[in-house]
Each structure stands twice: as C-alpha cells, then as structure tokens.
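Participant: Chains A and B, in that order, give the protein sequences.
Following my numbering, the numbering of the first sequence begins with -7 at its first residue and continues without gaps.
Following my numbering, the numbering of the second sequence begins with 10 at its first residue and continues without gaps.
These are calculated hints, taken from the structure and not from any lab test.
Incorrect hints may have been included.
[As the list claims (entries may be wrong)] Some chain A residues judged to face chain B by a derived CB distance under 10 Å, without partners named: (1) S60; (2) S61; (3) G70; (4) D72; (5) F76; (6) Y77; (7) D83; (8) R86; (9) K152; (10) S157; (11) T168; (12) F170; (13) S180; (14) A282; (15) E285.
Beta carbons: idealized from backbone N, C-alpha and C, even for Gly.
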Amino acid sequence: MSENTEIIENLVPGEKIAIVSHSHPSISKGGAEIAAYTLYRGLRGLGVDAIFIAACDHANRGKLVLDSSREHAVFYRGEDYDHFYHLAPADAQRQLLKILEDEDVTVVNFHHFIHFGLNALRAVRQRARWNCFFTLHEFLAMCQHHGQMVTRPAQILCEKATHNSCLACYPEKLYTQFQLRKETILASIGDFDGFISPSHFLARRFVEWGLSAERMSVIENGLVNQQGTARAIRSGDSWTFGFFGQINPFKGVDVLLDAVERIAAIPQLARRVRFKIHGNIIGQSPEFVARFEKAVSRHPFLTYSGPYNNASVHRLMEQCDYVLVPSRWWENSPVVIQEAYAAGSPVICSDVGGMAEKVPHGVSGLNFALGDAADLVRIIDMACDQKRWDGLRSRLPKVLTARDMALRYIDFFEQRLNPETAAAFTATGVGA
Amino acid sequence: MKKAMRKTADLPSSSSTPDIGTVLTGDIFDRPSAGLFGHLDSVTPQAGIEGWVLDCAAPEAALEVELLAGDRLIARVPVDRRREDIVDILRAPCTPGFLIGPEAFDTIRTLDDNFAPMMLRVAGRPAVFDLSGLFPTVGACKRLWVDQRLARLSREDVASAEAAGLLDRLEALSERAGAMAERPLFPLADLKVGRIEAFHSSGAGALWVVGWMRRDLGAEFPLVVVDKRRFPGATAMLHYERADLPSDHVGVIGFVLTHWKPSAGSGDFHLYVDERTNLHLSAAPGLRALSAEELLGQLESVRNVVSGGAMGALRGLLASDGNWLPNNARAVGIAAEAALDKVVLLPGFGAFVEGWAICPTRRPRGFALKIGDCILRSEAQTTYFRERPDLASVFPDGGLYVARAGFGAVLHGPLTTADIGTALLKVIYTEGTSSVHPVDGRVMRRFNADEDSAPMLQQWPALEHEGFFPAFARAVHRDWLGELQPPSPVVIQPARAALVIVLPQSASNMRALFETLSRHLFETEAPESIVFIAARRETRSESLRLVNELTRERGVKASLYLLDDERAALTLLPAILGQIGVETFVYVDQGLLLTSRGWVAALAYLKLEVRAPLLLEVVDQHGEPDRVTGARGASCFAWDLSDFSRWLETAEAYVPGAPLDARFCQTMPGISVVENAARRIEIRRSPRLIELVDAALHRQGGE
C-alpha cells in the first residue's frame, strides 16, 4: 500500500488526469465506456484528481446523467460525423479543448476517438501542453468494418489489416483512401505518449499495424462492483452452461444452437446439461429469431432467460457451472470473461484472439475451434466432469478491481512521463 | 407548279467557281477579313443550301456553317463535303463543301414573316455570307418554301392520286386568286354568304376552316383572305347538311391553301370567294381555334353525311407527309399505332429515339418528329428495326406484325433549346402516307452525357463509327458550353496569389482534404489565399462549413465558389480568379491532395515573381507517377493567370470530365515538374461517351 501511495504522490501533485470516453455509461454500456468509467472511478478512489469527459450526441442529451461536477460532456451531432476518416466538425474539438483548459488538465487518456473525431485528438496533441495516452478497446482504427477484423460480406476472420485486404472488403473505395485513413489516424494519435491495451492480442495487432511497441502497455480492464462469490457447492449430475450477451450470430449464438441440436441427438449427454441464454435479441433477422425460438421450445435443456442488467450478472453467473463465450470474431478482452471469473465460473470460449488469451485452455476454462459446433459438443462433454471443473475453478485468475486498474494506469503514466523515477509497480509490457 | 420551281434562287453554278482567284477576290462575305473564302452554289427548298467555304490560312481546319434568322439559329452543319474542284485548285487536302438540308425550310416556314433577316455565317467567325440577293427575309424564304411545298405535295408526298389532283386544282385556283386580290374588296353585309365558326392552322401553309355558307358556291374555288393584308389562295370544301341552317345553306369543312396564318388577334377576317363580286365569308363572333383532335373529330363526325366535296382527296391530304395533324390515322382510314419509348434531345443536332410502330397494311420507312417549331427527320442509314414481341396484343393477330415493330433512329434537324416542348411523331410509310402520333412528354429528355452514356452506347454500340458522330460530338460540346453557368461566389477574399482546390465529390473525402490542409498549415506557413471550388450539390453546405472552420481555426484567407458542374472548373478558372484579383495560382483538381512535397512547392511558387508554368506530378499509392489516371497534366499545375487564360482560349475543344492532361503537356514542352507532389483519393470517372466525344473533338481539331 505504501508502495502504491508513493506512486500516487509522484504523479498527483500538480497533475490532473482527464479520462475521455466516446460515450457516458448513462447513455450506453459498451465495454469501452464501462472500462473508461471504471478507470475514472478507480482513480478518484485513489484520490487522484481525475475528471471524466464523455461525448454525447445532441439527440441523447435528455438521457445523459452526469454524476458529479467532475464529469463533463462534449456534445456532437452524430449525422455530421465522418465514419470513414473519423473526423468531426470542429465544434466538438473546441468544447473538448475548453474543458481541458478550464480544468487545467495535465494528462489526457483517450479511450476512443470516435464521436470527437481524430481532428480533435490531433488538436489536443498539437497544443503540446498535455501528455496524451490512448487506450485501445477494439480494432476500429485499423478495420473499417466496425473494428471487428472480420471480412465482409463473407464474415471470415481477418488475419491482418492491409490496404489490399481492406479494399477487398470495400471495393468501392480506393487504395489511397485507406492509406489516407491510416495516415490520418497515425497523424492524430501516433505520437501519443503511450498506448494501453487490455489484451496482448490487441496490443500485438496494433504494434504490427504501426503503433510504437515501446510506448505500448497491456493493462487488463477492472470491474467496478466486485462481489464475493456465494456459489453453492455443486450437487447432482447436471451441468449448467450460461451464455451472457447480445444474442446474435456474431456472438456465436448460432454455433451454440448448432451444438444444442447435436446434443439433442446424444440422449445421455442431453440429460446431463442445461443451457441458459441471457441477453437481448434485438435487430436480428426473422430467420435467426425463428430458429432461436424453435430451438428453445423444442429442447427442454435449453432455456431463454431474457435480458439481464449489470447488477444481476454476478448472481446469474453464479448459477452457471460454465460461462460460454462462442464468439465468431476475435474479441479483445471481453468483460463477460472477467465477470465469469469474478463469479467463480470457468469459461468455455472460441480458441482465437482475446478469448484464447484470457482463457488459457485447461487452465481457467476450455477452448473449442472457432465456429465448430461439433468441437463445442466435444468440449461440453469434456467439461461435464467434477474433477476437471474443480481444477479449472482452482486456477481462475484474480479479477482486477477499479482500484487495481487505476494503479496500473498510474504506473504506466509515470513510466512514460518520468521514466527515471518510475516505480517498481510495473505494468506488463507487450513483449512480456 | 412550274412557276414555283422558277422561283428557286438561281445562283452561279459550282462549275463557274474553279477560278479560285476570282473567288478569293469576290464579295461572298460581308467582310473580306477573317481569311475565309467560299461560294454559295444553290439555294432550293428541295435540295437545301449548298456551297463551299474554307479558311485559306488553315484549309484543313474544321468549320461549321450556320443559317440564322436574325439571332435565331435555324441550322448548323459541318463543312465536310468533298469538293474536287476546290481541292484541284488549292492542291491541299480539304473538304470545303457544305449542305444545309431542305429540312431547314421546315423551320423557316414556322417563323413569323417579319422575323429578322436571314444570314449564313461560319460558326465562331464574324464573317457573314451576303444573302441579300437571295432571300433577305423570312417572308421571302417562306414564299420560296410554299411554292416548293405545293409542288412537292402534288408530286411526291400525297397519299393518293385523288389528293394530288386536288392540290393541282387548288394551285391553279390559287393563281386565279392573285387577280382577285388586286380588286377593291369590301365586306358589304348583303354580300356575306357564310360564316367561319372555327379554324385549325396546321402550320404547313394550309388552313382548315369549319362553318357554313351558301350551297351554290360550290366545293372548290379561289379566294382571298383579308386580315389587314390580302392573301390569295384556294379552298376545297366538304358540304354536309345542318339542321340549323336554311335549305339553301350547308355546313362546310374546308381545306384552304394560303400563306395566311391566323394569329391570336385574328377575329375580324373575311374570305372573298368570288372572282367578280365581293361575296364573302366572315369570321363568326366567338371564332374558335380548333385543336387537331377537334378538327379530326369534326371530319370524322361528317364522314358519312357529306353531300358534296372531295372527301377522299382531303383524307389523302391528311395522310400525306406534309400533314402534322395528330391522330390522323383513323380519319384517313389507316389502322396504325405508334409511340416513342425514349427521346433524347440534343440541341443543334436532333434526337435519338426508340419506339414502336404497328400498321398491318403499311410498312414504315422513316420517322419524323415535330417538336416545337422544329422538324427532325430520320435517315435510312441510321434507322433500324427490331422485334417487339411485347406488342403482340396491340392488334388482333398482332403477333404477325411485331417482327419489325420496334425501331430506333437518329432524327436530324436544327433543334434549339427553345423548341423543346410538345412533340409529335410521324411514321412515314413506304406508300408515302403517314400517321401522326402524340409523344408522351415523359419519355423526352434533354441529352445528358453522364446519364445517357451507357444506354446510348447500348443502343448504338459502335456510336463512334456512325457517320453522324462528328456532328454529334460538336453538338455535345456546343451544348455543354451553352449550358455552362457562371460560377457563384459564396465567399470572396481578394488576393494576388492563390492555391485553388476543387473539392472532392464525396463529403467524406472533403473532410479528409481539410484535415490534411490543417496538418499542412500547422507544420508550415499558409499560402496568401486558398480558393475552394465546390459543386452545387448536396455537399454544398458541408463545403461551406469546412471552409469557415478552416478560416476560423487557422486564420486562412479563403474564398469559396460554387459551380453547377465542377468539371468546368478549369474552363471557368479565369472568371473565378479574375474576380478575386489573383495573378498567380496553383491548381489542384478534384480528388487530388497535395503531398508535403507538393505543398511546399506550391507555397514557394506562389511567392515567385517570374512565373513559368509548373507541373505538379500526381503519384500512385506507391509514390510512383500515376500511370493509371495520369501523372502529369492539367489536373495539378501552377501558372500565371493571364498566360493560362491565353492558353485556354487557344486550347482545343474538350468536354467536361475529359482529361486535358495529354494536350496540356503537348502544348508546353520542357515544362518544369515537381515530382511526387499530389495523390488521388477520388477518381472522377468519365462516361465512355464523353471519352469518345472528346477523342472525336481532338481528332477534328487536329485534322
């Protein structure tokens, strides 16, 4: 603790940190804004003079709830935002600069560029009075396809963002437009003082793409409200597998339904498993919804439990022996994995990207081949084993709290800004 | 008829012109300057206006001859006909002959008599052919046409011998009416023998009248129309019984051969119908102008009750090529249906049409389109037929007639913008008859190279090989120039030197361009001024916002101009920069961004005192000269405005969207180049048709 206090004291005098998020949790609860807000809360909890700046579409003003005078909003008009080059009208930039100047901020940690525009980030950097850090949350900088690194229209995982591969996805664009897009991004954030990634996987991809490895650090996202686990001792021969998240093919629910069909044909396995699906099913094709509803009505071992909120996720996960994350895309550092660990549930997930990194096979969960329902059935069959489950549970990693996350960020800021006095509380480097 | 032929202008024949020395010193032109020489060989409504002209300084130069009535363009034709007699004398390859086709007279005859004088001139040159001895006025020209028309009607185009005979008789009666017009004519009340209750002017030197008259006047007689002036003519009347008339009177529908054309004020005219007395028909109070449909309805309604007159002959006239009464087919007993599906109109050229025509008893041989006052005609060599199985239901057993029901044609004529309006299609059958059909206004549109390129090339896959293509290319160019609107200044900041940037088409690329500018401006000084040129499209507002933001954030002096078509930016550049006071500029075409190197070079150039032209090289994604869309040319360069303006005036014709790069570089050998100065983030793809037209203009200019 004294070690931590020293770090804070090194940084805090005369320093003020702005956490800049592309949205506010009162408007949307995506992973990036939740992580940014968790960090802000963690810093405040440590006594750091931190403010939170969220972008807010004019259309959502009525929904915005700022928790204190330390929270600020930059209003933008969504229809004026350029979603290819990620440029915004200068008004957002002016608002942002004014807040930073008025609040006498010294360190700015952006958690996204979207909604502010890369021009705003460049303007902040060009003022030279602020130390700038950027936290990566997904691939939007390198992938125009919603930052998913999945090709269109085939929806195949993209192994590397190159201008040629981007052209294959967007044949209506020019090669030089992708060149200019990348240049615009790098001209905006490329010389920031440091970059933070919640996973090694994401960090490696961005270093390969062009961000500095020396200035890159990996810091896992923390969870704001961690509760002690009250999981009952397992009893009986039945195993419960829970899915939490948006119910759509991207999240691999179709793979899960394929697996359910296969399990139905294996009576001895079907008798031993239960699947509980939690989440919203919004904006999906009628065919997908019909298939989902038919599966739920046909298979007694499959239950749709409806939407859930963050307050109840811990309790609901505790009711599951495993949490399933069958996503069809890379994922970076899915919060659902942190939440599963916090609830004491091993995770069964696809064997790629941030999922495979966060859930080492046989350590804190099990991996199956991406999109392979047969392999998922094999892994589920394997998972229905008390000894294996006990072993996996015993190796679940400790989940970071908001405070832990904030401490790691402060340490990294310190390393970058005052390397000679950097504390021993070292964040994990990319190459580590 | 013979007399009419004698009225044809008799000019020295071409055989009298080989002595080029005589010609060159002649007074063919009103002004002997301009270096132009030529000769009018003949002027006849049958064959048109024929002659030759050449520029002695450049015998191979492509010229065009224009026929004008005052300011109004009647026809424009290329000077492209072989004239061995001239070539033999000059001993230089040239094609100095020209022919303005007889269709020009179709337009002339629709003009008011008092229209301005007729003129013949070489397009773009001040010199004018002296026509004072030929047909100095529209009226004189029309008389020439009417005489010829009568002859033509009777000999060629009339559907039946019966109709031809009628025209011959009317012509003879009309000659007798000349003497009637010399007598004193007074509309004494007791000599009034009938009323004209309604009329329809067909606009073809003929008039249809509806009314009543004394039965004993007969069916065919000479007459004189008196409406302030006197117009001799002749008429053929159909008689039918009308219950509202005394027994010695009959209802009449008559065809009147006359030069007189009722005007809006016509309401107090008289038709003197007797060679010895002042018997006359007067306009009835409430005289009505009948539409073509109403006239045909009247004829149809009396068809079976006519008691006197040449019904058969008049029906023959209705079916003749000279008739433009729409929906005439039923009245003349032809079962015919036709329509146009697509009409693309190009002023100064004519129209491209697609449509169908079905007539079980006759075979179409040609088509004409009357649009406004202009008549466009097809030519056999540019008309095709095709199967239209979708029309099988038009007639019983219609399947038998659809093999050639579809057609496509190029209709030529001196179409002007003012003409574009209501249109009639005439289907001309091999027998000489014709049927006239209204054209649905929704199928007509003005030629637009962007929209018409693909469908036109689908219809005419070898368009550039068609004989009409050179004239078409010139018309496209003229049309573009004619439609060019002046630039609209939104923000003007006077400056001596300016970086000129034509903004990209997409708002997204526009934002990227301004972001790049912001970065350049952060890293270096600003140019004295930046002039932005944007399209008057939906991105207009975004361009204004971005310019204002740049001005406010970076303190740049910036102007903004809007153009209807940003592809005309280069053409309008002198006008734009002249307004601002710019002497030196760097031009960056649409879709281009200056690289850091290009930016520095542009800044340096704008400070120079001596300003030779400078090319800024466009590079591809690898930083190599762009071999796909062009590396060096008029898309990115720097120059002195007055020098550039002079170059532009002498530059060959080009059309919007066509790259000027090759020609730009050809005209400036040894020009300095800044390598790797710009790159392209947006490609303005020229429609294929534009490329073909531009190539044709280039060839014509270079021949």
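Participant: Work down the list of hints and note, for each, if the structure agrees.
Facilitator: Cross-check of the supplied hints:
1. S60: Violated, about 32 Å.
2. S61: 29 Å, violated
3. G70: 14 Å, violated
4. D72: This hint holds: A/D72 lies near chain B, its Cβ roughly 8 Å from the closest one there, short of 10 Å.
5. F76: Nearest chain B Cβ about 5 Å off; hint holds.
6. Y77: 5 Å, holds
7. D83: 9 Å, holds
8. R86: This hint holds: A/R86 lies near chain B, its Cβ roughly 9 Å from the closest one there, short of 10 Å.
9. K152: 18 Å, violated
10. S157: 14 Å, violated
11. T168: 5 Å, holds
12. F170: The hint holds - A/F170 has a Cβ within 10 Å of chain B, the shortest such distance being about 9 Å.
13. S180: 9 Å, holds
14. A282: Violated - the Cβ of A/A282 stays beyond 10 Å from chain B, reaching only about 37 Å at its closest.
15. E285: Since the shortest Cβ distance to chain B is 40 Å, the answer is violated.
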